[in-house]
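Residue numbers (the numbering used here): 40 to 259.
Treat the hints loosely; a few may be bogus.
Unchecked claim - The following label-pair restraints were derived from C-beta to C-beta distances: (1) ASP97 with GLY127: 20 to 30 Å; (2) ARG181 with PRO70: 32 to 42 Å; (3) THR132 with ARG69: 27 to 37 Å; (4) GLN116 with ARG41: 23 to 33 Å; (5) PRO225 with PRO70: 26 to 36 Å.
Claimed, not checked - Below 20 Å or equal to it, Euclidean Cα-Cα: the simulated SDA-like pairs (lysine to any residue) are: (6) LYS53 with GLY179; (7) LYS53 with GLY245; (8) LYS53 with SER203.
By construction, these hints were calculated from the structure, which means they are not laboratory data.
What you are looking at is a predicted structure, and each value in this text was computed from that prediction instead of being measured.
We treat Cβ as the ideally placed atom computed from N, Cα and C, and that holds for glycine.
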Amino acid sequence: MRFDEVVARLASAKGEQLPGPEAQARMAPRPRRFWVPGVVPDDARAAAALVLIYPKHDRATLLLTVRNHHVATHRGQIALPGGGVDPGEDVETAALREAEEEVGLARNLATTRLSLTPLHIPVSGYVLHPVVATAAEAPGVRPSEREVERILEAAIPDLASGASLRIERRERDGAAIEIPYFALGPEDRLWGATAMVVAELLAVLGVDVDPWGERGQRRP
Numbered sequence: 040m041r042f043d044e045v046v047a048r049l050a051s052a053k054g055e056q057l058p059g060p061e062a063q064a065r066m067a068p069r070p071r072r073f074w075v076p077g078v079v080p081d082d083a084r085a086a087a088a089l090v091l092i093y094p095k096h097d098r099a100t101l102l103l104t105v106r107n108h109h110v111a112t113h114r115g116q117i118a119l120p121g122g123g124v125d126p127g128e129d130v131e132t133a134a135l136r137e138a139e140e141e142v143g144l145a146r147n148l149a150t151t152r153l154s155l156t157p158l159h160i161p162v163s164g165y166v167l168h169p170v171v172a173t174a175a176e177a178p179g180v181r182p183s184e185r186e187v188e189r190i191l192e193a194a195i196p197d198l199a200s201g202a203s204l205r206i207e208r209r210e211r212d213g214a215a216i217e218i219p220y221f222a223l224g225p226e227d228r229l230w231g232a233t234a235m236v237v238a239e240l241l242a243v244l245g246v247d248v249d250p251w252g253e254r255g256q257r258r259p
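All chains, full assembly: derive it from the sequences and hints.
Below you can see the structure in the form of structure tokens.
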């Protein structure tokens, strides 16, 4: 999937109905313990994340981070640049600010395209507002020592192909749970809320991820 194709699809999707919780749920653990699709508690705190896409060798590429072990939650996990929305901020401003703080992204390099469906994250009490943006070229970025261990890039065509989809089985509180993820490398697993956001992004781009083998990869 080329970068120009992604930009065109994002433009056509703006103002249309989003895939929403149905797409997010494809990458949710089973059984779901606390997350209820489409439900956001009144006391959930607002957070924003930047879903930044740019060309690399003409392929659309997604910017991700690996959170370090100094942060309060989701330590060591692959994430999108993001964090809490400050008083008086809108979600777009917060997403751009967080990307600047976490990876040094100059705000004027990103063009916001659309916002995806807000996602409640029960473990942290936040409702995440993903903001999709594009940059005309791969930006110069650097990890913030305070929050980010390293920066990752994931090619959208690789995520869309389905070849990296896996399911890990774990035991939690005495019960078996299955966790879908994208295998980005031998040690890099994209799962949880970030994977759910990516699943909706791919659905916007016309691709339905299917880690459970329940349907074809592409929508009619």
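Verification of the hints:
1. Checking the proposed 20 to 30 Å range against ASP97 and GLY127 shows it is violated: the Cβ atoms sit about 40 Å from each other.
2. About 40 Å separates the C-beta atoms of ARG181 and PRO70, a value consistent with the hinted range of 32 to 42 Å.
3. Here the CB-CB span from THR132 to ARG69 is close to 36 Å, well matched to the stated 27 to 37 Å.
4. Distance hint check for GLN116 and ARG41: the Cβ-Cβ separation is about 29 Å, which falls inside the suggested range of 23 to 33 Å.
5. At about 28 Å, the beta-carbon gap between PRO225 and PRO70 stays in the expected band of 26 to 36 Å.
6. This hinted pair does not check out: LYS53 and GLY179 have alpha carbons roughly 27 Å apart, beyond 20 Å.
7. Annotation: proposed proximity of LYS53 to GLY245 holds, straight-line Cα distance about 14 Å (limit 20 Å).
8. With a C-alpha separation of about 28 Å, the suggested pair LYS53 and SER203 falls outside the 20 Å cut-off, and the hint is violated.
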